[in-house]
Amino acid sequence: MNRLVMIGGLVVVAGLAVAVYRAKLGAEETQGRVDGLKGEVAKTEKDIAVMRAEEAYLTRPERIGPLARDRLGLEPASPDQYTASEALKQRLGEERLTLPAPEAVAPAQTPASPAQQ
Amino acid sequence: MSVLDRPYEDVWSPRRARIVAVALALVFVVIVGRSAWVVFNSPVRADSGGAVAEVAVRRADIVDREGQLLVTTLQGWSLAADPSAIWDVREVVDGLKTVFPTINTKQITDLLSDKKRRFVWIRRGVSERERKSVKDLGVEALRFVEEPQRVYPNGSLAGHLLGYTNVDGDGLEGIEKIFDERLKQGGEPLRLTIDASVQFVLEEELQGALAQFDMQGATGMVIDVHTGAVRAIASWPFSDPRKRGVEPAAAKTNRALNVRMELGSIYKPLTVAAALEAGELKATDRFNVSAPVKIGSTTVRDPHPLPNASSVTASDIIIHSSNIGSSLIAQRIGPEKLKAFLGNVGLLGGMTIKGPQTASPLTPSEWDQTAMATVAFGHGISVSPLSFAMTYTPFATGGELVTPVFLEPIDPATIQHKRVMSKETADLVLAMLRRTVVEGSGKLAEAPGYEVAGKTGTAEKPTPDGYDPNRNITSFAAIFPASRPQFVVLVVLDEAQPRTGVVRTASVTAAMIAGKVIARAAPLLDVHPVTSTVEAASLRTTEGTP
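Chains as they are written, first to last, in this note's numbering: chain A, 1 to 117; chain B, 1 to 546.
For the record, the hints were derived by calculation from the structure and aren't laboratory data.
Among the hints, a few may not be true.
Listed next, the in silico DSS-like pairs over lysine-lysine satisfying Cα-Cα at most 27 Å (straight line) [unchecked claim]: (1) B:243 with A:46; (2) B:443 with A:43; (3) B:461 with B:443; (4) A:46 with B:184.
Pair ranges (Cβ atoms, derived) [said to hold, decoys possible]: (5) A:39 with B:117: 40 to 48 Å; (6) A:35 with B:184: 19 to 27 Å; (7) B:172 with A:58: 48 to 56 Å; (8) A:29 with B:28: 24 to 32 Å; (9) B:91 with A:38: 37 to 45 Å; (10) A:75 with B:90: 58 to 66 Å; (11) B:170 with A:13: 54 to 62 Å; (12) A:29 with B:113: 45 to 53 Å; (13) B:279 with A:79: 33 to 41 Å; (14) B:292 with A:88: 51 to 59 Å; (15) A:78 with B:243: 33 to 41 Å; (16) A:71 with B:284: 55 to 63 Å; (17) A:32 with B:104: 44 to 52 Å; (18) A:41 with B:184: 20 to 28 Å.
Beta carbons: idealized from backbone N, C-alpha and C, even for Gly.
Chain A extracted, bound-state conformation (with noise of 0.2 Å):
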């Protein structure tokens, strides 16, 4: 009986040896992986920096300024293109008063026939 709770007690911590060694194991390969995912984290955000810097490079207004004259054809907005809410407004509904509604529309007029005449 001795004899078997001798060589149980061998085996388990023979057993809890063997689990704490791979939980070290494993503690260890998870450290790495946070590592690997800390390092590609930080490079990452090293590539977002330079891409940021990149983006501030091709969007000077020293740049952007004569492509958007050049190759789109704009300006800046001059004070004449202004005009505030209310004209526009007014502005629309006077255009709206001009234009003819659709059940206003007269025939159009057919040559007269000469039969007619």
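Assemble the complex: chain A is given as a structure, and chain B must be docked to it using the hints.
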């Protein structure tokens, strides 16, 4: 017979068995305890990889008010060498010379000849092209070290304001120096009040002035009158932060902040405001400015006679920029009250700015009648252009002076407002300034739709032998739009000489540049143009002069 087949009592005495059992139990307890400790108490490794550590100390970016990147930190390469591993120093130096033509040959030769050293810097911050060229040399003793480098994607844009760092990332000038500790902490970008687009417009117009004027220098700024936010501030010749201060002295000088200038007649509205506030001037009062006047030990003259010079109002004095009239107005209040008023608007120093500091003013040693007469039209007192620009904010805010602000976000509760004149005085002077642009010396500053109000200033430059009539500082201080003021603009040109013609007063130099800046910057600042009807109504309600 094996040990296992023998009776237990023969092999293990009960006492020994107990000792072994206790020992095993202790080992078991230790293992379990240690496991538990590892699980629950093991400290997280602080150093979990070099790359992560680099990110943790990354110097913070600097952005404009809209988040446009102005300065960032990227990982770059620096070139180092191991002198002990170099056999032929001359061959290495010759190779390096082909990649870096400006390299100091003697210095590098001395460094590489010191065989006791294992590490020396050859060049901090090299480009990819240079890195490839060095690699092509095939010298084993040369190696590259990755390290953070400050990058300025917009080149010289706002260079004087931003400043620069040294190769070790310590701020040496400008915002980089002033907010060095904050930037070194990393984290969120430092957001400036500057608007990159408006800054570009201002710089382009200052640079463009060169096409029309031969000049020694120029400066300009655009300031939000309600918050004090500096939307653009520039000094020409521009400074390129990428050169880390290795530039001609003219480019290093920040004329907007660090140079004191006598700015001339743009002081006249302040003189008028001081007199109005003192109750010594009414809008309908008339002055005779037809002949020079002697005040103290100086004789004040007008370079050009005014229309109806024998009977002009304060408004006429501003509109047509009369030195005589301005001195006569100052005479009514006396030197002490004029000094007190100028001190109140921050021209005698003491303005607290959270950001770049301005040069301290140079003021008359004695505020007597002579000093008063000349200060009244902007001579005998030298201040930084930024300090002066702020003095126009009261005319735009109904009498309240604001302090310049360089950092966003701006907490409305922290904006420093200081009442320095009544609303009536501010509105009256503002109307005078508007008339100066509509019918006076500032016509070229008009930007259709943006109701520019402003004043020209032409000041002869002081020399050890007196004032030099051939060298001028020309300036234009503006507020727009006059009917609902939002921004102050100041443009100052140093010795601007038109390339054609001989006239070099501010009315044809600084005024024109200011007008161009306003016309282009106003839409970027969300200032909508106003109709002439609105403006006429506005002028009728604020104009108190006949």
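#### Entry: Cβ separation of residue 78 of chain A and residue 243 of chain B, checked against the hinted range 33 to 41 Å
holds, 38 Å
### Query
Holds or violated: are the alpha carbons of residue 46 of chain A and residue 184 of chain B at most 27 Å from each other?
Roughly 17 Å separates the two Cα atoms, so the pair holds.
### Message
Given the hint of 33 to 41 Å, is the C-beta distance from residue 279 of chain B to residue 79 of chain A inside that range or not?
### Response
About 40 Å separates the Cβ atoms of residue 279 of chain B and residue 79 of chain A, which means 33 to 41 Å holds.
### Message
Taking the Cβ atom of residue 292 of chain B and the Cβ atom of residue 88 of chain A, is their distance within the range 51 to 59 Å?
### Response
With a Cβ separation near 56 Å, residue 292 of chain B and residue 88 of chain A satisfy 51 to 59 Å, so the hint holds.
### Task
Determine whether the Cβ-Cβ distance between residue 91 of chain B and residue 38 of chain A falls within the hinted range of 37 to 45 Å.
holds, 42 Å
### Message
I want to verify a distance hint. Is the separation of the beta carbons of residue 29 of chain A and residue 28 of chain B within 24 to 32 Å?
### Response
This hint holds: roughly 26 Å between Cβ atoms.
### Query
Okay, residue 35 of chain A versus residue 184 of chain B on CB: inside 19 to 27 Å?
For residue 184 of chain B against residue 35 of chain A, whose Cβ atoms are near 25 Å apart, the range 19 to 27 Å holds.
### Query
Between residue 39 of chain A and residue 117 of chain B, does the beta-carbon spacing fit 40 to 48 Å?
Because 32 Å falls outside the window, the suggested range is violated.
### Task
Measure nothing beyond the straight line between the CA atoms of residue 243 of chain B and residue 46 of chain A; if it is 27 Å or shorter, mark the hint as holding.
holds, 24 Å
### Task
Look at the Cβ atoms of residue 32 of chain A and residue 104 of chain B and judge whether their distance stays inside 44 to 52 Å.
Given range 44 to 52 Å: holds, Cβ gap about 45 Å.
### Message
Is 55 to 63 Å respected by the C-beta to C-beta distance linking residue 71 of chain A and residue 284 of chain B?
### Response
Distance hint for residue 71 of chain A, residue 284 of chain B holds at roughly 58 Å.
### Task
Please test the hint of 20 to 28 Å on the beta carbon pair from residue 41 of chain A and residue 184 of chain B.
Holds - the Cβ-Cβ distance for residue 41 of chain A and residue 184 of chain B, about 21 Å, lies within 20 to 28 Å.
Hint compliance for this structure: hints 2, 5, 7 are not met, and every other hint is.
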